[in-house]
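K.L.:
Fit chains B, C and D to the supplied structure of chain A, relying on the hints for placement.
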Amino acid sequence: MYWDIFHLMRNEILIIIAILTVMTVDLFLSKNKKHHVIRLAHLLFAVILIWSLLPGKTGYLFGHSYLTNPLINFFKAIMNIGVMLIMLQAVNWIKRDLIPQGFASEFYILIWASLLGLNYMISSGDFLMFYLGLELSALPIAAAVAFEFFRKRSAEAAIKYIMLAAMSSAIMLFGISLIYATSGSIYFHDIVNTKEMPLLELIGFVMMVSGVAFKISLVPFHFWTADVYEGAPTVISNYLSVISKGAAVFILMILLFIPLRRYEQTWTIMLYVLAVLTMFTGNFFALRQQNMKRFLAYSSVAQAGFILLGVIGGNVRALETVIYFILIYIFSNVAAFGAVHVIAMHSGKENMKDYEGLYRTNPLISLVLMLALFSLAGIPFLAGFFGKFFLYATAAEKGYYWLVFIAVINVTISLYYYLLPVRAAFLRKSENPIPHFKSDIYTRIGLVILVLGILFLGLYSPVYEYIAEISKIF
Amino acid sequence: MDILTLFVIVPALTVGILLFTKNLRQARLTALAGMLIQTAMAFHLLWRYWQERSAGNDAVMLFTKDKLWFPTWGIHYHIGVDGISVLMIMLTSLIVVAGIFVSWKIDDLPKEFFISLIMLATGVFGFFISLDLFTMFVFYEIAVIPMYLLIGIWGSGPREYAAMKLTLMLMGASALLLVAILGIYFHSSPDGHYTFNILEIAKNAAIPPAMQKIFFPLAFIGFGTIGALFPFHTWSPDGHASAPTAVSMLHAGVLMKLGGYGIFRVVMYLMPQGTLFWTDFFLVLAVIGVVYGAYSAIRQTDLKYINAYSSVSHLGLVLFGLLMLNKTAWNGAMLQSLSHGFITALFFALIGMIYGRTHTRDVTRMRGILRIIPFIATAYIIAGMANLGLPGFSGFVAEMNIFVGGFLNNDLFKQTMTVLAASSIVVTAVYILRVVGMMIYGKPKEEYRGIPQAQWYEKTAIYILIFFISAIGMIPSFWIKFIEPGVENFLKPFLH
Amino acid sequence: MIEGISIQLILTFTTLLFFIGLYGFLTRTNLIGMLISLELMLNSEAVNFVAFNQYLYPGKLQGSIFSLFIIALAAAETALALAIILQVFKMTGSTDVKEVKDLKY
Amino acid sequence: MSDYSWVIWIPVLPLASFLLLGLFNRYFRKEPIAAYIGMLSLGIAWVLSLYTAYQYYFVSGIQNGKYIPYLPFRWEWLQFSDHLSIELGTLIDPVSVMMLVVVTTISFMVQIYSRGYMHGDSGFARFYAYLSLFSFSMLSLVLANNLFQIYIFWELVGVSSFLLIGYYFEKPSAIAASKKAFIVTRFADFFFLTGILLIGYFAGTFDIETLNSMQTLKWIGAHPGPVFMGLSAVTWALILIFIGGAGKSAMFPLHIWLPDAMEGPTPVSALIHAATMVVAGVFLVARLFPLYYFTGDGFTLRIVAVVGAFSALFAAVIALTQEDIKRVLAYSTMSQIGYMMMALGVSGYEGHEGMGYMAGMFHLFTHAMFKALLFLAAGIIIHAVHSNYMKDMGGLKKYLPVTHWMFLFAALAISGIPPFAGFYSKDEILHAAFKYNTIIWFTGFFVAGLTAFYMFRLFFRIFYNGERTYEHPPKENSKFMLFPVVFLGILTISAGWIFTPFSLYVSPTREPFSYEVHYFSPLVLGSVLVALTGIGLAYLMYYKPTDYPSRVARAFGKLYFWAKNKFYVDEFYLFVTKKIIFDKIARPFAWFDRHVVDGMMNAIGNTTLWISEKIKFIQSGRMQEYGMYFIYGVVFLVMVYYFFNF
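Chains as they are written, first to last, in my numbering: chain A, 1 to 474; chain B, 475 to 970; chain C, 971 to 1075; chain D, 1076 to 1721.
Among the hints, a few may not be true.
Stated by the list, open to error - Below, in silico cross-link-like pairs of lysine to aspartate or glutamate (EDC-like), each with a Cα-Cα straight-line distance of 16 Å or less: (1) B/K955 x B/E526; (2) D/K1691 x C/D1072; (3) A/K152 x C/E1069; (4) C/K1074 x D/E1700; (5) D/K1473 x D/E1551; (6) B/K955 x D/D1372; (7) B/K919 x D/E1245; (8) D/K1639 x D/D1399; (9) B/K687 x B/D754; (10) C/K1030 x A/D190; (11) B/K539 x B/E674; (12) D/K1473 x D/E1542; (13) C/K1074 x D/D1157; (14) C/K1068 x D/E1700; (15) D/K1466 x D/E1546; (16) B/K541 x B/E526; (17) C/K1071 x D/E1700; (18) A/K152 x C/D1066; (19) D/K1293 x D/D1372; (20) D/K1141 x D/E1284; (21) D/K1466 x D/E1688; (22) B/K955 x D/E1151; (23) B/K579 x B/E526; (24) A/K398 x A/E264; (25) B/K917 x D/E1245; (26) A/K353 x B/E634; (27) A/K152 x C/D1072; (28) A/K429 x B/E634; (29) D/K1246 x D/E1284; (30) A/K95 x A/D440; (31) B/K539 x B/D476; (32) D/K1466 x D/D1399; (33) B/K496 x B/D581; (34) A/K429 x B/D582; (35) B/K541 x A/E465.
To be clear, the hints were calculated from the coordinates, so they are not data collected in a lab.
If we strip away everything but chain A, and leave its shape as in the complex, we get:
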């Protein structure tokens, strides 16, 4: 019995254990021994990661408050992979910036807590769990955004994030309350059965979706994205752009496809409009960015628009393509942020102009950057292409050729700005390029895994087929 419960929510339990372990160990470490936490944290999380990769079961807990199935389990595994990769990148940042001030475990605790929140969120079977998960994921990250408390930008990003997140969750909550008023239940499986749709519920629905859209950073709910990504430590931006966004997309799909199925007509139009807005806005803003983090922020806004192309399909196909895309997107974007992070760590520079002549001094990291950006732009044979192609196909299957058309136009625009850093790094020569540097072993492992993922995730079709297999949940 207990074993079953553990098995169903093993991810959450393991993460909690990990958090507690790190907390406890941290108590016994003197200030100059903090770096041991790093190894411990990685070890723990590796265990969680491997465990989470085991196939999951279908089941529910707490009277349908907590649901799980192989797909959700797999998605958690994907998030774990992402977090693991981000943690690998964070090491040199922790060592350089945090350990001297006596921090180390705090980073892991915060990021794991947020991950825990996301895990709850995607497993949620009712609005309460959903809300709790959402908040649990947001609050630690707000703290993490403010981590570089010696920089004003970090604080500004944090205050923007916490305030806007709170506002969005307040609005979402109001929406949920309206849905509760009309449907009489906060359980997803109860909502499915109600028939008519009063205006009140529509407003509630829109408010609720906008709360999720805030997390995914869909236009016009995206405004925090660029500011926060730019101000936050790169690692946290990275986390926000992939893990948090991916989970939000996942739960959005679950919500729309199962409990809110009867609004299909509504949310199709909504998503259509949001997708167009998001793609154009994200791309137009990304065009003239100089700061790499800000640049990637807008790029990730645009990517969210592309994701909607898949979501709009509204069927199992949509589920599988979007999850596949998120998996690939995690690899691509983490690699892109990772490259930016590594460069910023070693040179303190994160503007595109500083990248000029980078290839001639640091060929490998430039290569990683290029592959990541090309993958984001959707260039074959890199993984990103496959992800995007299936998204288009999902939209096209429903007959939304115009949407696909708009999307491909946006891909062309996006290609322009994805080529800009490549241009700086490869095409240009510079008087004083970023000098050659060597990064540490954690970063290297992380980047190698990312590059391998970018190269082979698309070509190796069983990944997709596995996702397709477990996606047949409704």
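P.N.:
Frame of chain A; chains B, C and D shown alone:
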């Protein structure tokens, strides 16, 4: 490993080995070795193909291999060749080899140069063997993207601008193509078993005419852009002008052929009704391209611009021939692809050599190079003559097939268009002779005395190309025997 | 259920409360003020849940429990927000929202 | 032995020589080797041609009173469709055999001559390679059995001509001339090609024998295709083909390249621009004569006649005024080709009706001999005095005696004085023209007088016209140059009466017939008289230096001035090409491409960037505005839903 997959594996392996090379010497030797193997394989394939056909194998595609890749979407790794692809593969491998010879002395980042070059070639090879729309598209884009780096890093002039423009226009076009491919895919089968397999889609013939009318122009423009369809050709002059020699060769010689080939293999084959509906419209565009490219070339002073516009004109003829929808014209279009590939590669190779010696590409600033570098200048004259359709060289055969084919249509409009297109041969003569008169003839300038003669590697490249230009020009029937069965098969949707 | 007070009335009240909070959030120049407005919004929802529960679906406790969680989370949020405001104050010397607009475009 | 299988060697030998000399140019730095390779190949070809002619005309050509065509070699080179294909073949018929003889004879002579003329030139082997290429192309052209084969070699002779005119590639005028020659003929070839395409479509074949067969002619007569401007498609096709021929044969108004082509070495002028290539147009019309004759009631032939007559007159008038001896000869060539065209144009078809055709061919034959002779002699003169201009010459008789006599023979021949070759052919032309149309005849008659005048003007000014001292005394020092001149001189004297009646060899129907030359008929006497008048006038004006020429020139005033400036045709073309095609078409095209088409693409990019710049204010950095947008978003979504659903 089957015989066709090797065409992708060998270049990929070459790229892999190139990653570990240390200097120019190693890099160029590795690249050369890989591509020589590829060329040998290409000729082996030619021979095998010949054997199969002689043995009475009259399947549409030979050496096919079909491997399920993404079962959910019905994406296959499906490859196969007919005579046309075989010839295109031969063309590509030869031009890559010639390109490597031409870049024998590349000094900046040699390893990366060869990697990008061969990466591009990989895409092209893959494109020519694919029978699955998805794989075809994948290879197509693989072929386009290295161009950005190749032009951007090793180019000259406004290279960043040119590279960006080229990439964006080609990728934009391929984006349109993508929409069309999806459109085709979701109408590919009457019973919902959608497929990307070209042959199967054609067999099903399930795409409703209304849909064909929508997706035909998208796909046509998608492929047409890389085939320099007016008015989507403007990437080509800038791109060619800025690209390094080998890249111009490969680009004009091979990459631009993807357009005509794709239109032939995919767009027209799968959407016959759409084709019939849109023929006249695109015919006008093609003819404008032919004439307009030729006239634009007259005014240029940069050698590469002249040739780029010349390519616009000559590739316009490919599209023109395809739109004529009969065997003769299609034979001509395919021959023209082949012929223009060799001729333009030769041109760009020579321009690169001249530029490397005189450091200018401005025809008004050069004079009398025939006296100074007779080998290169003579080769340039030969290339020019081949380009203006002198009998005995490949251009003539191809163009005559196109014109005669165009005229065989019992349609006054098409015949008039043919005459208009044919008028370009006069203009071609004008711009070729202008260059010859200004740059090659005349009293040599003093400052050019003592510039080096053609080196052995340059000569090798030139010999290879001239050999094939004349071989096609002298015995066209041999090459048409390869082309014809393919053309006949792909013409079937139009014959009922 | 409160005699004489209809659900409409409560809904009107909570909606007003919510929008007052929203208005406050969007117009206050002080970060603390904004935080207070946020609290108003959250409280309106808490009331909402309880009211719906009591008036419409009196049999179950879903709404009431929800509102409990809202209160708890609001507290957590406020605590964290205050901490960050403190951080901002350390950096800029004020809690004026105008001070935090460096990151833009 | 009448399978004629050796005929294939006639073009192949020069080709081999070309390949050998062209590809291994650098191994033939020594002049004699290159020259002997060329001479040997052409010599053998010449002997083979003569043998072919003997076999064909005297042994095995005639069956049942008619020359029958042989096709000893054919190769389906390129198949277009079931009916249309390009065949490469060697068609042996009276015309082609005659052309074989002409081409090989002149080629061989020129090859020998060049050994002397080009002595010491740095591109000696190259020159011989080009010559061989030309011979190969020309021989293949005359042997063609397929319209497309004619076109192929038509282009190749064009390019050989281009290469040879531009042989002195460091001389700007030579460069310009070569370009002009190629482009003008190419322009004409475009019409030729269009004509071929039309013929191919409407007649369904490119094969010359089939096209000329009665069966096809009837079929075409019954199915002339759509009518455009009152003429059927096939008629148009023939007109277009004639334009092609006119371009190559330098008929008005496409003649402008021929005088300039004299920039090439003189042997080249003799071979290509006097004797062989320029008559290709005549050959083309003759080749398709039945088609021309029967289609549209011979309408096209009327055009041919008029164009020929006009060109003859036009060129003769210009020739009167030119100072460069090669240019005089060039205009004379144009004039004589006009004659030939005229002859074809006025010709009938059967029996004695076909005299015009016969005469045209005969004139082609004799003209080749004496015009080549004139050019070669002019070459000797130019070689001797190092100038092309008459003003630098005079009194050369004592320095160049042999040349003087040969030049005299040739001049008499071209003037039509019996018994020189030109008389026999020219007279028959006038005869045929007289039967056809008086105006055309009179034009020919008048031109005969002009011809005599300008030829002897040339002759007297070169060899007489007082005494003159030269820095380097001119002399005839090269045997290689003298031999061909003498050889052709003998032919010039003898060819006329030997081959009369020429209709035994060539006639439209291929049925040999015979005719008598009426030496004392009024027509003949008239034309001889007018020629003598011309000679007499020339004698008066130029035998000694006098002021008659300038007085006459003044008397003609404007006309003289215009003629001297070639009636400004060149200027007109220059205007069309430079001002209209270059400036009004090509430049706008180039501009349009750079600024409109390309500008549009750039504009798309720039607009995108501009929008991007303009909307950046939205992201103002104020979080309350962000909140506001959030609310807008919610409202917007609700409205979107309203808009679509209610």
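K.L.:
Now look at each hint and say whether the structure bears it out.
P.N.:
Against the structure, the hints:
1. B/K955 x B/E526: holds, 13 Å
2. D/K1691 x C/D1072: holds, 14 Å
3. A/K152 x C/E1069: holds, 10 Å
4. C/K1074 x D/E1700: Distance ~12 Å between C/K1074 and D/E1700 Cα, so the pair holds.
5. D/K1473 x D/E1551: The hint holds at about 11 Å.
6. B/K955 x D/D1372: At roughly 42 Å apart (the allowed maximum being 16 Å), D/D1372 and B/K955 break the hint.
7. B/K919 x D/E1245: Between B/K919 and D/E1245 the Cα gap is close to 11 Å, so the pair holds against 16 Å.
8. D/K1639 x D/D1399: Distance of about 11 Å is within 16 Å: holds.
9. B/K687 x B/D754: holds, 13 Å
10. C/K1030 x A/D190: Within the cut-off at roughly 13 Å; holds.
11. B/K539 x B/E674: holds, 14 Å
12. D/K1473 x D/E1542: holds, 10 Å
13. C/K1074 x D/D1157: Status violated; Cα separation ~72 Å.
14. C/K1068 x D/E1700: Satisfied, since the Cα-Cα distance of roughly 11 Å is no more than 16 Å.
15. D/K1466 x D/E1546: holds, 15 Å
16. B/K541 x B/E526: violated, 22 Å
17. C/K1071 x D/E1700: The given pair, whose Cα atoms are some 11 Å apart, holds under the 16 Å limit.
18. A/K152 x C/D1066: holds, 14 Å
19. D/K1293 x D/D1372: holds, 12 Å
20. D/K1141 x D/E1284: holds, 15 Å
21. D/K1466 x D/E1688: violated, 76 Å
22. B/K955 x D/E1151: Between B/K955 and D/E1151 the Cα gap is close to 13 Å, so the pair holds against 16 Å.
23. B/K579 x B/E526: Roughly 41 Å separates the two Cα atoms, so the pair is violated.
24. A/K398 x A/E264: Given that 16 Å is the threshold and the Cα spacing comes to 13 Å, the pair holds.
25. B/K917 x D/E1245: holds, 5 Å
26. A/K353 x B/E634: holds, 15 Å
27. A/K152 x C/D1072: holds, 9 Å
28. A/K429 x B/E634: Within the cut-off at roughly 12 Å; holds.
29. D/K1246 x D/E1284: Given pair D/K1246, D/E1284 is violated - Cα atoms ~45 Å apart, limit 16 Å.
30. A/K95 x A/D440: Distance ~11 Å between A/K95 and A/D440 Cα, so the pair holds.
31. B/K539 x B/D476: Given that 16 Å is the threshold and the Cα spacing comes to 8 Å, the pair holds.
32. D/K1466 x D/D1399: holds, 9 Å
33. B/K496 x B/D581: holds, 13 Å
34. A/K429 x B/D582: Cα-Cα ~12 Å, so holds.
35. B/K541 x A/E465: Cα-Cα ~15 Å, so holds.
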